[in-house]
Amino acid sequence: MKKTSVVFLLIFVALAVLHQDAWNWSSSNLVFGFMPVGLAYHALYSITAALFWGIVIKFAWPDDLEEWAEGEENNSTS
Amino acid sequence: MATVWVIVCYLGALLAFALGSKALFRGTSNDYFVASRSIGPFMLLMSVFGTTMTAFALVGSTGKAFERGVGTYGLMASSSGLIHAACFFLIGVKIWSIGKRHGFVTQIQFFRARFGSNGLGYLLFPIFVLLVIPYLLIGVIGAGKTLQPATAGAFPELFQSDNPILNGGVPPWLTGLVICGVVLAYIFAGGSRAAAWANTFQTLVFMGMGLVAFVLIYNVLGQAGSPTNVAARVTEQGEVVQEYAFDKASGKLVKAEKPKVVGKLKHPEEVEQWAGKQPHLTRDEVEITYKAKNPKTKKVVDKTREVGVPWLMFLSYMFIPLSVGMFPHLFQHWLTAKSAKAFKLTLIAHPLCIMIVWVPCVLIGIWASGLLPWGMPPAAILSNVLKTLIGNPILTGMLTAGILAAIMSSLDSQFLCLGTIFTNDVVLHDSKKEYTDKQILFMARSFVVGIVAVTYVLALLLQNQNVFDLAVWCFSGFAALTPLVIAALYWRRATAAGAFASVIAVVVTWFTFFAMSGFGGEFTVMGGIMPAAICWIAGALAMVVVSLATTPPPKETVDKFFV
Chain A
811 MKKTSVVFLL IFVALAVLHQ DAWNWSSSNL VFGFMPVGLA YHALYSITAA LFWGIVIKFA
871 WPDDLEEWAE GEENNSTS
Chain B
5 MATVWVIVCY LGALLAFALG SKALFRGTSN DYFVASRSIG PFMLLMSVFG TTMTAFALVG
65 STGKAFERGV GTYGLMASSS GLIHAACFFL IGVKIWSIGK RHGFVTQIQF FRARFGSNGL
125 GYLLFPIFVL LVIPYLLIGV IGAGKTLQPA TAGAFPELFQ SDNPILNGGV PPWLTGLVIC
185 GVVLAYIFAG GSRAAAWANT FQTLVFMGMG LVAFVLIYNV LGQAGSPTNV AARVTEQGEV
245 VQEYAFDKAS GKLVKAEKPK VVGKLKHPEE VEQWAGKQPH LTRDEVEITY KAKNPKTKKV
305 VDKTREVGVP WLMFLSYMFI PLSVGMFPHL FQHWLTAKSA KAFKLTLIAH PLCIMIVWVP
365 CVLIGIWASG LLPWGMPPAA ILSNVLKTLI GNPILTGMLT AGILAAIMSS LDSQFLCLGT
425 IFTNDVVLHD SKKEYTDKQI LFMARSFVVG IVAVTYVLAL LLQNQNVFDL AVWCFSGFAA
485 LTPLVIAALY WRRATAAGAF ASVIAVVVTW FTFFAMSGFG GEFTVMGGIM PAAICWIAGA
545 LAMVVVSLAT TPPPKETVDK FFV
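Those protein sequence lines, which keep their order, are chains A and B. Count along the first sequence from 1, then add 810; that gives the number in this note's numbering. Count along the second sequence from 1, then add 4; that gives the number in this note's numbering.
Just so you know, these hints were derived from the structure itself, not from any lab. One or more of the hints may lead you astray.
[To be verified] Taking lysine-lysine pairs in the DSSO-like style, the calculated list, with each CA pair at most 27 Å apart, reads:
id, chain 1, residue 1, chain 2, residue 2
1, B, K345, A, K812
2, B, K26, B, K342
3, B, K391, B, K259
4, B, K391, A, K813
5, B, K297, B, K264
6, B, K345, A, K813
7, B, K342, B, K262
8, B, K342, A, K868
9, A, K812, B, K559
10, B, K391, B, K297
11, B, K391, B, K303
12, B, K295, B, K262
13, B, K307, A, K812
14, B, K26, B, K303
15, B, K303, B, K259
16, B, K300, B, K262
17, B, K391, B, K256
18, B, K264, B, K391
19, A, K868, B, K345
20, A, K868, A, K812
21, B, K264, B, K302
Using the sequences and the accompanying hints, generate a full structural model.
Shown next, in the form of structure tokens:
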């Protein structure tokens, strides 16, 4: 496995762990005066997930797949 | 009546937009099944997101938040942002490249070729069909149940009902007929390309309408200082009360002099912990008893609701979003992509789109706990909040159109995918006869017509059954099958026997839990673990153990699927 893939795998696992925000479990504090902190955290989590996938695309995009897909075994129906 | 006209205009616009794609239709079966693999990044995002988000995204999320509170978002939405995108990246892009290279248009074609087994296709075919059909029924029945209260009063002479909330509303049989007719019209005409165009239109509509609904509701409930103040609260006596009420005549939210008691803590010893708190704002579990009318006997009975989310359920729910890795209708959308690069926008924007739709819906559900009767069915929460707080027939029509958009953007892909599977994996696969492309196209369209008709009849027969409870079971089944696709794509050593063992292990464990649940409904094991997690582990273990115990697949077969 490539080094970048290992790094992204570890970040993915870290994100999965961070999904379990036990520290917000009992809190009813509000963010922006209306959003419970447990919801605000997970909304931020969604933005973080989008950023993570943006970085994955930048540094670990499988460029070889496109060329391979167009390869000679290409079926005429495609 | 204005509500009905808005919905009719929406359906007309949708039909016109989707049929507009006919101008680009190339008249081939390949264009019908996978839009000649020509869909660009934006339409791919819209069709993948629109297909993934069913009626559950708007109606179900609000209802679930009404029941369980703030944990609903983490339980179902934020995890999906991470896991769905992972499935698109690790499974979708690879499937696209293999499909493009080998000309596959269905999942079963891929699995048959990868494992060199026709039998695997015959095993998977009924499983896919049986898991997709309840999903279709949820859409058609859900549309009927949404439209009838929203249009109540429009046709008092024509559509009479004993229930005053539904009297004069468009009946479910007519809604189902119209919805199925509209979807059939554009799928019949333009296939996959029409589905992509329609999904783009529908996704923009339901995202836009969701935000409009949120802003309108926020403005009304903001009269309480913060709209979140409206959510139900526990008193010093352990009663659950609603402190605010909406006065329709003045259009104002008023603080009740005497809060309305809607329930009480089931365990009195928890009063000290909960006094003064709003249970929907945290994820701590608390059982609350409340009164609800039994829809069959019409008698008022005591019921108990668990607000909050058990930790094990929260953890094991991470397996449910894996279902997108095996949805046959999503598989077909992936194959429509113009290039692998077209997936990039979907990967980044999908978690954000989920956030845009789910955060407002979850908040509305939390707020509704302080306004609506606790015995109200969860699926009715969103429409009742709109009707209570907004009350404008044109806005109600627009927001109902948004809900229909979410429903129909999944229905079209599911109809098309079943038609594609029947044509390619059942008829053409074993046929010794050579069919022309026109004949294949005719066959696919005929199957789509048949599937729509069967779905409509089933929806009529089952409209009073609670098929909504089946949704999570459909997702669980598809999620538990993902070890099959992961092994097929990333493990050269995976064998046909391993694939059979994996599918059978999933079927056996899934059916066991399904039966234990009483054939539907929310069900967990060992203190909160979702059955999907156990089925997934069983499928993965069976794949690994049996593959290692059997002869490796021929190198020339495997080489076709690895770069």
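Hints that the structure is at odds with (numbers, increasing): Numbers 4, 7, 13, 14, 15 and 16 - these are the hints that the structure violates, sorted from lowest upward.
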